[in-house]
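Sequence lines, in order, name chains S and G.
Residue numbers 1 to 716, in our numbering, belong to the letters of the first sequence in order.
Residue numbers 1001 to 1746, in our numbering, belong to the letters of the second sequence in order.
Hints in this document: simulated from the structure, not taken from any laboratory.
Beta carbons: idealized from backbone N, C-alpha and C, even for Gly.
Watch out, some of these pointers could steer you wrong.
[To be verified] The calculated DSBU-like cross-link candidates involving lysine-lysine, where the alpha carbons are at most 30 angstroms apart (straight line), are:
1. S:89 x G:1661
2. S:34 x S:249
3. G:1233 x S:604
4. G:1233 x S:527
5. G:1528 x S:527
6. S:192 x G:1573
7. S:527 x S:324
[What the hints assert, rightly or not] A few chain G residues that don't get close to chain S, going by computed Cβ distances all over 10 angstroms:
8. 1163
9. 1215
10. 1254
11. 1290
12. 1307
13. 1444
14. 1650
15. 1677
16. 1694
Chain by chain, the residues run as shown.
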Amino acid sequence: MSSTREPRILAIDAGGTMTDTFIIDQDGGFVVGKAQTTPDDESQGFLRSSEDALSYWGMSVEDAFSSLATGIYSGTAMINRILERKGRKVGVIVSLGMEDYFRLERGVQSYLGYSYSDRLHVCTHQHRPPLVPRHLVRGVSERIDVFGDAAIPIDEDGARRAVNTLLDEGVEAICVNFMFSYRNPAHELQMKEIAEDAVRERGVDVPVTIASDHYSIRGDFPRLNTLVADAIAAEPSRRHLRSIDERAKDHGAEFDLRIMASHGGTISIESRELARTLVSGPIGGVIGAKWLADRIGVENVFCTDIGGTSFDLAIITGGEYDVKPYPDMAGMLLAIPMVELDSVGEGTGSFVRVNPTSGRIEIGPDSAGYRIGTSWPEGGIDIPTINDCDLVLGLLNPDYFLGGDITLDKDRAIAAIEEQVAAPLGIDVYRAAAGVVELFEEGLKNNVLSRIMGKGYVPLNYTLLSYGGGGPLHVGGISKGMGFESVLVPAWAAGFSAFGCSCSEFEYRFDASLDMPILPDITTDEKEGVTEMIDGQCAFLREKVIEEFARSGFCEDEIRFRIFLRMQYMGQLRDLEVRTDYEWLESAAALDDVIAGFEELYAKVYALSARSPELGYLITVAVISGTVEVEKPELPTEPLQGTSPPGDAHKGKRDVYWRGEWVEADIWEMEELKAGNRLTGLSIVESPATTLVVPPGASTYLDENRIFHLEPGEEG
Amino acid sequence: MTDFLPRGKGRFAEEYRPAGWDGMTLKEMLERSEELFSETGRYWGVSRLEMKEDDPIRYEKLFAKLRGGLVNARETAMNVSASPIVQEIGELCFALYTPEGDSVALSTGIIVHVHTMSDAIKFMVRNDYEENPRISPGDIFSNNIPKIGDVHNADVQTFVPIFWEDELIGWAGGVTHVTDIGASTPGNVPVGPITSYEDGLDLTANKIGENDVVFRDHEIRCEMGVRTPMFWKLDERCRIAGCHMVRDAVERTIADDGIDTYKQFIREAIEEGRRSFIEKIKELLIPGKYFAPTFQDIPMKGEKGLPEYAAVDSVSHAPLELTVGAAGEFHISFDGANKWGYHSFNCPPSAMQGAIWVLLTQTMIPNDKVNDGAYFATTHEFPPYTLANPTDKEAATGAAWGYLIPAFTGLIRCISRGCFSRGYVEEVLSSYAMTMNAMQGGGKDQYGNDTGILSFELSCVGGGARGVTDGLDYGAAMWNPEGDMGDMEVWELIIPFLYLGRSVKPSTAGMGKYRGGSGFQSTYCVWKTDDLVMQNAGDGNTFPSPGIYGGYPSASGYRHNVLGANMPERFRKHLPHPTREDDPADSEISRCCDGEHLFDTRTLNYPYRMEHGDIYYSWYRGGGGLGDPLEREVPMIEEDLNGDYILPRYAESVYGVALEKDAEGFWSIDAAATEQRRQEMREERGNRAVPTREFLAAERGKITGGEIDGVIRRMYNQSFELSTRWGKWFKEFWDLPEEFRFQDEE
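So that you can see chain G by itself, here it is in the shape it has in the complex:
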């Protein structure tokens, strides 16, 4: 090896001993593993699960031991961290990987990372890190680049190689969601960056320490590169402490059970994970193709502070297609997605994988045994140059969630249809709610310190309507089933805001026989800061949480913030102040606040300045509905009304109920009149109905007649350009000529 190295390589000129097994380099191991998988379809070509079949007890004991080490590392390390998102919301996860980077077992926590860290390890292996910068016992590596292997730049990963004698026998990986990543705008899902050069601190799978000690220059670089250096520092210590505990657990296991057993076990465990995933698919789903596209608006037109080419409106297209094969094949395709853009919502494949795993572990495989075996059981297609695989180096990825969250409601709808067809009605869910509004900003906190803000209240939105009942109200996040909104006193401790109210927000959930889970609302007064910029981030003009089986989508977003509100003046004068905005058409915020009202559907915007006494309103979305609203039982609608889960006018127009309100303000429904009204509505539906052919012809007329908005036309044209196959499918469906293109925007 030395002979081929140019001069001047310093210590890397010295020959190194390959760290892989049986004298192989790690890269050779990875290549061999891939060869064997492609030849045999099995992980490392493992044909018989010898240990599991011959000694199932020992197999389980080993698994329990290794996983116990991971869970323990997480529980202990969590306490070292300072950031509320790690401490209060539990946004951290540890995993054990094979030498070539496949996950064997995971801790509890954000399972979104079941595969992302794998990509980062493979990146190091493929780039010959073994040779330079070398991989030695005691080394520490770190990555946060989604294009290498991550969800978004604020998920920071730490890796520690695990050695036994001279061989590298695995990797411990840990990831935390950090408070601020030093992007061009503050926060951890920054909406400001328009190219990757503004995404903030770059850790491109760097070596950041040796002999279990972090390099001083790395620490300095990070502390200077982020807005909240103290959180950064403690989070990094948390990840390193956890990785070291995982390493200890692995070393203990090997000392007890022997290295050969360990080596055999990790490969079997992954192959076994692959096989059981396939069995699960066969058990729960019906083979076939499932389609579930989603769209979300990115309204940046006229945004001051952005260059002209970035200050445009666009809509993201996520044409999710799931193919389930008779032998348990599970293929997800985003073929037809539109082009990546000059915003931070571009979503690399590693992040797409993240979304797949976080959702499958909440639905089909909710257990502690998941590993990369499941990844090997699936295939995917994320076409290049699209939002679902922004191959351009320039594409910003800081808020990749902005594409992921809406895009993957489709996966839930596909799985639900499969489960429903098999009769697993209890497993059926409509679309989850968008974890939005993301209330984000930065500047100085109430103590005068630099801060980056993202209230994780948003991890507690409504769930999709269930196959047998309403969705979970204000209880979970797409990316974390263990959702929580935290105590208001804890948020006020770290964010310069004063809560004026937190309550159920009516009519957020999609209506249906079973309604979606409701969202909630928080009203804040900006408090005791003299330097603050804030933004909203969420959906505003599209419906990314559609219903299922005739259920309605959940409400789309809007913002209502007030600048120059001077609330302290009102407080002093004992004038009423806003605590909520149940009905935007009859708004308490409008009634109780002077000043400039930002009351519109610009739900995604560049940060703007806010001052002490201003009003920031944040409401969190509801889930999609399920089934025909006319089938919703009357007592359930009465509960909705009296519990403020729905605005009365929608109960009348969508549920078709005849309402009465008594003197005390309680609603009741006249059942007979309701039945009559519903019957009329059904008849109206019948009268409105036209044969499918006519309907399609009318819709086609909109396509060819230029009735479609310019932003949508651009979106489809991009999809045509990037996928001939998808374009052909679309055009065939609408009976359009092969060369069809929407008319370009003016």
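So that you can see chain S by itself, here it is in the shape it has in the complex:
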């Protein structure tokens, strides 16, 4: 087998505890490897994880790496450096009077990421330690106003003083962020020159970065956060990435390692702005979903990822995901575009409690995470979780959790649910567990529905895609009665996010605030003026794209450029992204196209009644996306076989408590099922990393791409 197998793609997902690698061959076959993360030298964990994966194919790293065309990294190391405030010593220069940026933060940063209840509960709010301590922040007298005019000239002596006192403090990098530098970068450019002169005079190696050069986006505080995050964490991270890249090359790899960025594309590890990769892991699934949608010819996909601590949702409409301009991560507001992904704090590890005052059931918001629940005594958890309920109901196999690496204690789960949930509610332990699972699924269902309805669509317009370790277990419950066009579960659901990273484009995306009004009575001549201005801004961004690709050896001719514009009705504050295929706008007709695209999008996202074309429009942000051709995975394809599964796929039978009664379920081994096989509910399909439940009345069909199609029965 190994003699003909050609590994083509490597995707690495380095989490805080485990490093997963996902390796795909020329036919779409794949293996997943795991090893402990090695924070001091991430390349060691990477190598061990790769060895683990390849051992399933009986291949050595040397055999496999030489044939790899692509290697993609995503991980949490950079975000951890920021959370722990461990990184380079950075000095910051801002407009005079605003030296308290990091202490004041924004009020919102004192509760970002909190549960709803804690967001209300004001005595729980707390500011984090400043990203940069105040004694390393300097103000320089200057101001650019909202029109881009220099309101206060820059104080050059003050500027030199600021740099020199920071250098005296021994800073390793200097970041400059002046108000409205996105409108007019003149003062920042002047500041950079002064700073670089001072650095040169001292003969030290201290890089100076200015916001307008990197994140030319409105929002002084998120922009500053992003610039500083880059300076603090990006360079140490780059060292690690280079070590992984070198380690791979030492073992015969010829690819250049790329890294997943928040906008949904991958970028080179040599990219100027690594802060763009701060948020990368969770969006992999969305990129994978988009890729899958393209391959199987589906336009609208609703992505649901159920993990241990959270339920992540994203929407792909017309083959595109949404992008949000100001995401937050690690308690910080950022000014980088990020694939829109909502996270609900409920996962299979969520704790289940009955509120002693109201007697009502509460799921989450906290969770046991990797410690599973009361059923894993070694985890030290005493409060029941959704996992415990699933186990008690017979949906999970206590001896096959993580492929049997961990044995679960069902009796311990029963006792905990009995005591903490069933008894206070005055119901039977199985009814309680089933009720909790139903409630959990109902909550997720509401979340799914509200996002689809919020877009002005109904589920029938969408294919539901379920992944993540807990996705296949609950997808039947979540999709029941929703009327999705179809419900899909890839056999590699547990590794889908890592897989998704390998499906992404090699893409640089740069955004710049524009704030270009289009008045309701605009003439054709004026429209041409507007397109000229937009093209002018895009030309600047285009140069950045070309420069970045040059680092990886691509020239301008190989790049496909597209213009996206973020727009809103005049006066509004929230914009939408209109994506075009234009490389340049050049004509009034193109602008009309953009406006029509906006109107259509607006009516879809909000109610039709909210359309307000009489106000005119504001183009807030110009975006350039540049992509080059890279190898992406193939869909696995297997020859179709009969509808009856092979005999050795059937592992036996198990009693499952289902909607108030005990039902005998057929248990199947996922790896043994063949393309074309059909199962009817109640069936439970087990694999080492996940469990698919086919509810009674429903059936499932495994297609030639190893994707399960869950088909509801009469009742749903």
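Got chain S sorted already, so can you dock chain G onto it with the hints?
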């Protein structure tokens, strides 16, 4: 019904089918509900929570579905709005009501409205809107009158009735805080109006649309009536779109679960909300009476542009009294409040309710399950003719917050004492900061368009000191726990101001073992407008954020604006410009600005003209302190000093520390010398101490001897006049004759 109607009623002469359940009119339903509540003490007389007890899972699922619809409506509709206060600060909320107007569930957002919209729906029901102007599927109604049901006039509400077959089965309500309401002075907490006739646009629970379409005449009226018609228009669309989404969610739920289940559920959910609130009171508080009065100055004397009777100084009296009963009773009284006045800070009961709910959901019941059940679990007393219930039609209410914000620091202090007594020390908070200065104004913006200004930076003031640590610095607003000051670039986009600085403001927080959360300061230069009036609004001569358990109150306000400052001239000449005013006694603004300095405690004033290049300074308050300042640990005081949270002279005089400053400007504290100084201070305290009886006698002497300021005397006399009970209590305490009155002002 038709027989009793006079002629000429046009289409209203036609008989209408009652929209309530089982053939009842909505008014009959409301009356029946009130009867049953008064007879049984339970909502609609519901005795057993059948659905919750027999099928707790289904009960929760229904709740989740309905609430999910509300949250989703809010999240989606928010994006339609244009106003920064809705978009950036999230000042909008949606709720689902029963046919008779009781809230079943609320979205996230400004929970202050848990009950206000209920009052407005009940107003429509009581006034027979069913008969005229009729309530039909597709109708849209709108209200902004606090005396009908609102907090202040700039909170605009939209209502959409929800029908199932022929019955009205609920109401969707949505509220947004609008940018300008067309009052006699600009902004959304207008300080100019002295009677209700100047409060601006009046929507007295009007029908504003049919068949899901807004009437053209209504739109025209509103656009002509407010200073910022575009914001108005988009906010209204935002509310309507949200209400329609709520309606859809309810219809989906009924289609899934059946109308009977829905009807049973909404009543149970409210009764259950009532019961769990009572349980919470029993769990967290100790029965008894809690007193916590607050006072705030309204300095209008000599204000040009106001008639003589309005241009007077006054002080508002908010004698909050909380009674907690052994069975979980929760009674709030403002008996003893003084008379309403010719200013816009009068506060109708609906607004008072608003304050209660916004505070309880931040403290005792911070969850997503709150509804009008909690309202039914509480009782209140807001005596007529007072600031807490200005029954006169003439009373202006545009800035009702001016009474609410200080008044309800008392509620927090009462709850904290209860929680402390029960041992819930982590729940203890001293007084929150005033969300002031309210930087308000209007005129032309930098683009030449009409504008109304209120910077919502103020939604990020200091929190009260906590039972276990310092208060939250610059992080929340009394009316919105999810506070934020927004990006400076976003404010400059909409306000014709140039930021010269934004920083921590020292000595704003109340000192104590744990200090209050600090406030912050912004210094602005008026920029590129040729027509602007501005005002300050806030406390200046009183301490509305008192400390608790010996903690100090937070600093009281002052203003420092500069007219004719001509900053561009300084900028051109590279002369220093002000970025802050850490210490008003050593002011950068004074040093760096020529022109007329408005540097005083007139922190509340009528708008005055400002010009390009003038300086407007706005500082946001800190929270009250907790515990004896002499118990504050030395390292914490060092951090305060080196972080500019306190001016050194106060560290010395109040914390009793011995300070040293090194060559680099860092402060350190000599621990031994500090201990000695503190010991001396304790001894000084002992020497100063007198027996209580003597203290009271001396204080009584001030009362009878005429040492009290005329404004305060008038305030107390009003309280005596409006409440004999309170007067009796006050006089008994001070051992004054029954007929005692303070000497009237000259």
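Results of checking the hints against the structure:
no., hint, result
1, S:89 x G:1661, "holds, 26 angstroms"
2, S:34 x S:249, "holds, 20 angstroms"
3, G:1233 x S:604, "holds, 20 angstroms"
4, G:1233 x S:527, "holds, 26 angstroms"
5, G:1528 x S:527, "holds, 28 angstroms"
6, S:192 x G:1573, "holds, 23 angstroms"
7, S:527 x S:324, "holds, 27 angstroms"
8, 1163, "holds, 19 angstroms"
9, 1215, "holds, 14 angstroms"
10, 1254, "holds, 15 angstroms"
11, 1290, "holds, 19 angstroms"
12, 1307, "holds, 37 angstroms"
13, 1444, "holds, 15 angstroms"
14, 1650, "holds, 20 angstroms"
15, 1677, "holds, 28 angstroms"
16, 1694, "holds, 39 angstroms"
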